[in-house]
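Residues per chain are reported as follows:
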Amino acid sequence: MNVQRIASAVLGLALTGSVAACSSGGDGGGSTDGKVTITVQGLPPKTAPAARKSFQTQIAAFEKANPTITVKATDASWDAQTFAAKLAGGRAETVITVPLTEPQGLIARHQVKDLTSELKSWPQYDEYNPKLLAPNKDAATGKVYGLTAPVGSYSMGLVYNRALFAKAGLDPDKPPTTWDELRQAAKAIHDKTGKVGYAETTTNNTGGWHLTSETYSRGGTMEKKQGDRYVPAFTGQPTKDALQLLHDMRFVDNSMGSNQLQNQQDVWRRFGAGEVGMFLDGPSAVVPIVQQFGGRLEDFGAGALPQDGGNATQLGGSAFMVNARATQAEAAAGVKWILFKYVKPYYEPEAAAAQAKTQSADPKNLIGVPEVAGFSDAVQQKVAAARKPYVNVPQANFRPYVEDNAKLELLPEPPVAAQKVYAALDPVVQAVLTKKDADPAALLDKAAEQMAVELEQAK
Amino acid sequence: MSSLDVRSRAAGQVRKEGVVAQRARPRRPGRRLRNDLVALAFLLPALFCFGYFAWWPMVRGLELSFQQTNLVDPAEWVGLQNFRRILDDPLLATAVKNTLLFAGLALVIGFPLPLLLAVQMSTVRRLAGLYRYLVYLPVMLPPVVGVLLWQMFYEPDHGLFNTVLGVVGLGPYPWLQSTHTAMLSLVLEATWAGMGSATLIYLAAITRVPPELYEAAETDGARIWRRLWHITLPQLRGTVLLLLLMQLIATLQVFAEPYLMTDGGPENATVTVLLLIYRYAFVDGDYGAASAMSMLLAVALSLLSAVYLWSTRRWSSS
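If you're matching them up, the sequences are chains A and B in order. Numbering-wise (my numbering), the first sequence opens with residue 1 and increments by one. Numbering-wise (my numbering), the second sequence opens with residue 1001 and increments by one.
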């Protein structure tokens, strides 16, 4: 991106803002004859013809079941830079798919539609896993603005390279379950294979995001309520211990390599190339690692987040929401689409089997990656049985994750200004990984001072 | 009197004569109005494009800097709140300091290099086209590709630079991984990426320097450095001063390098003003604060340009 692009993007917001007044709610629109057209994200690109065809088949089935709704799909994905301008110009898709780090900001800025009545009128609403609804709720009002579907959702866990584990003399079926074990495994991988034992992400707010999970696993929290406001709580021992461990692995064990400025995609790339032994992520990381970064499916292993007294982990994935400019009819149609496309295959065995069958037409599609349960165990088992004939990922590789993760509590993101917390902590994680003399306590105090002001403003 | 003085005086004379000639043939008002309208008609498309895509957004940007908006509901006027917010941001001072450091390092490293290259290339007779192509090649690469390429070169373990330097017993150096060297690493990449254009502009300017000046200097026994100092630089001063101002403005708006290479790290050592504006707008969704900071940057750059032009007016016109 060059200077002109960002300058025109920021200033362009002003221009599109003026256009907004003359514009309706995007490509979609309501009409007086009861018919409604919505636009939705998620259409696979032309380079993935089988997946694209499968998506279009589902649209046809949805339109047949809902003759008054027309769905126009776009292969655009979430992009924070273009969303603001598209929203201002009335060109944002009706149904948007956003990373789970975004909903709270979108809700606070009133850029997404309140879907409480539409979702509560869904018969399965009360059966749905409340942990998947929580990130999309306004805690103050209880209103629901979207839904996190099981597809692609995960609890933060440990991704590891089974081949490197074997080479390092470790058991690929028994990944570390505590941070001490993780440290030993990282050292063994580095010493015996020369590869990076454990990689940590540190940029684009991912350093703070991972540190939050690490803090949860040690029984800590990032924010606490004090009177009527939230204050930073990450200066406690759990966060200090998490940072100290990273520092020691980097500078005492030398098991983390030298490159410490990296985001999630950088680590996926290095893991796919066989350069990294372990890193924090969910099982769904197998999809980009195998499909985009050339990783070997049989080498991919997933375990639960290592623990040290917290018995907790953090939710990750995507949220499905409706842009604030949608009319009530468009919002209702959007919710119907979300439930049909992304949730129904998790409670109706026939829908699950049909979806898996369509996906299996393209052997590149990975079927059977563990996801966060949307419904009760009984429902889950029926759906899993329906999908079983089409499963093509080695389930044994995910067993440690499935078994150990079930024992952990799923905690939400920090309740106020989570992205700002992560942004304030990225430099802290970077410091302990790039400076031998870094003092975690002092770094955390400085970040807490900065966050106290932010949280006060966000109140 | 230099040959430039002679030419500029001659041009001035021509202009004066032109004015006299115009005055001698007064036009009829109707014809003049028609000519003006025709000129305006030709100008209209350009005026529309500038007005709609550049000036109007600037005015709206100024308006936004005093508003709070989610781009859905009507904007709310908040007075100077956005400006107070950005001035209270503890990262602002860091970002300004880093931006000035980038501009300063780019000035020291990146500014003389194209000039020296151009001087050197102007003396080459064989394969001159190939050298020009090679020096301009980085400019033709998309900026993102260049940045990502250098990011790989800077890899501390297996990157090109540490591997090559290791052969001669140097390094390994942390490059982007250290607060001490990260900004310098960005400047080196930006210099590589941007020097092609400046080199070609200098080269074109050098070819306009009358060769008899060099011949006279050579006759007087002046070596290459004296010729550069006493002939080339004075002859190019207009070009040098303009490129210096353009470089200052460009480097004070540095964005792609820290955004793609370091995301402002390590430890905020490469957070720049434009990166902060980006984060306000597209990470925090605070378009008012982003606009307010954009306005402050625009004012600062305008002042800098005015002071620069005022302080260099004597050099550029003498």
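Treat the hints loosely; a few may be bogus.
[Claimed, not checked] For lysine-lysine, the following DSSO-like pairs were computed, each having C-alpha atoms within a straight-line distance of at most 30 Å:
1. A:K446 with B:K1097
2. A:K407 with A:K137
3. A:K446 with A:K167
4. A:K174 with A:K195
5. A:K195 with B:K1097
6. A:K344 with A:K357
7. A:K137 with A:K167
8. A:K120 with B:K1097
9. A:K388 with A:K131
[Unchecked claim] Computed beta-carbon distance windows for the label pairs:
10. A:K436 with B:G1104: 24 to 32 Å
11. A:Q328 with B:L1309: 40 to 48 Å
12. A:Y125 with B:A1046: 38 to 46 Å
13. A:W78 with B:V1059: 49 to 57 Å
14. A:D439 with B:A1046: 55 to 63 Å
15. A:D377 with B:L1184: 41 to 49 Å
Since the hints were made in silico from the structure, they are not lab data. Even for Gly, the Cβ is constructed at its ideal location relative to N, Cα and C.
Going down the list of hints, with the structure as the test:
| no. | hint | in the structure |
| --- | --- | --- |
| 1 | A:K446 with B:K1097 | holds, 19 Å |
| 2 | A:K407 with A:K137 | holds, 25 Å |
| 3 | A:K446 with A:K167 | violated, 42 Å |
| 4 | A:K174 with A:K195 | holds, 19 Å |
| 5 | A:K195 with B:K1097 | violated, 38 Å |
| 6 | A:K344 with A:K357 | holds, 15 Å |
| 7 | A:K137 with A:K167 | violated, 46 Å |
| 8 | A:K120 with B:K1097 | violated, 52 Å |
| 9 | A:K388 with A:K131 | holds, 25 Å |
| 10 | A:K436 with B:G1104: 24 to 32 Å | holds, 28 Å |
| 11 | A:Q328 with B:L1309: 40 to 48 Å | violated, 57 Å |
| 12 | A:Y125 with B:A1046: 38 to 46 Å | violated, 57 Å |
| 13 | A:W78 with B:V1059: 49 to 57 Å | violated, 30 Å |
| 14 | A:D439 with B:A1046: 55 to 63 Å | holds, 58 Å |
| 15 | A:D377 with B:L1184: 41 to 49 Å | violated, 57 Å |
The structure shown violates the earlier hints numbered 3, 5, 7, 8, 11, 12, 13, 15.
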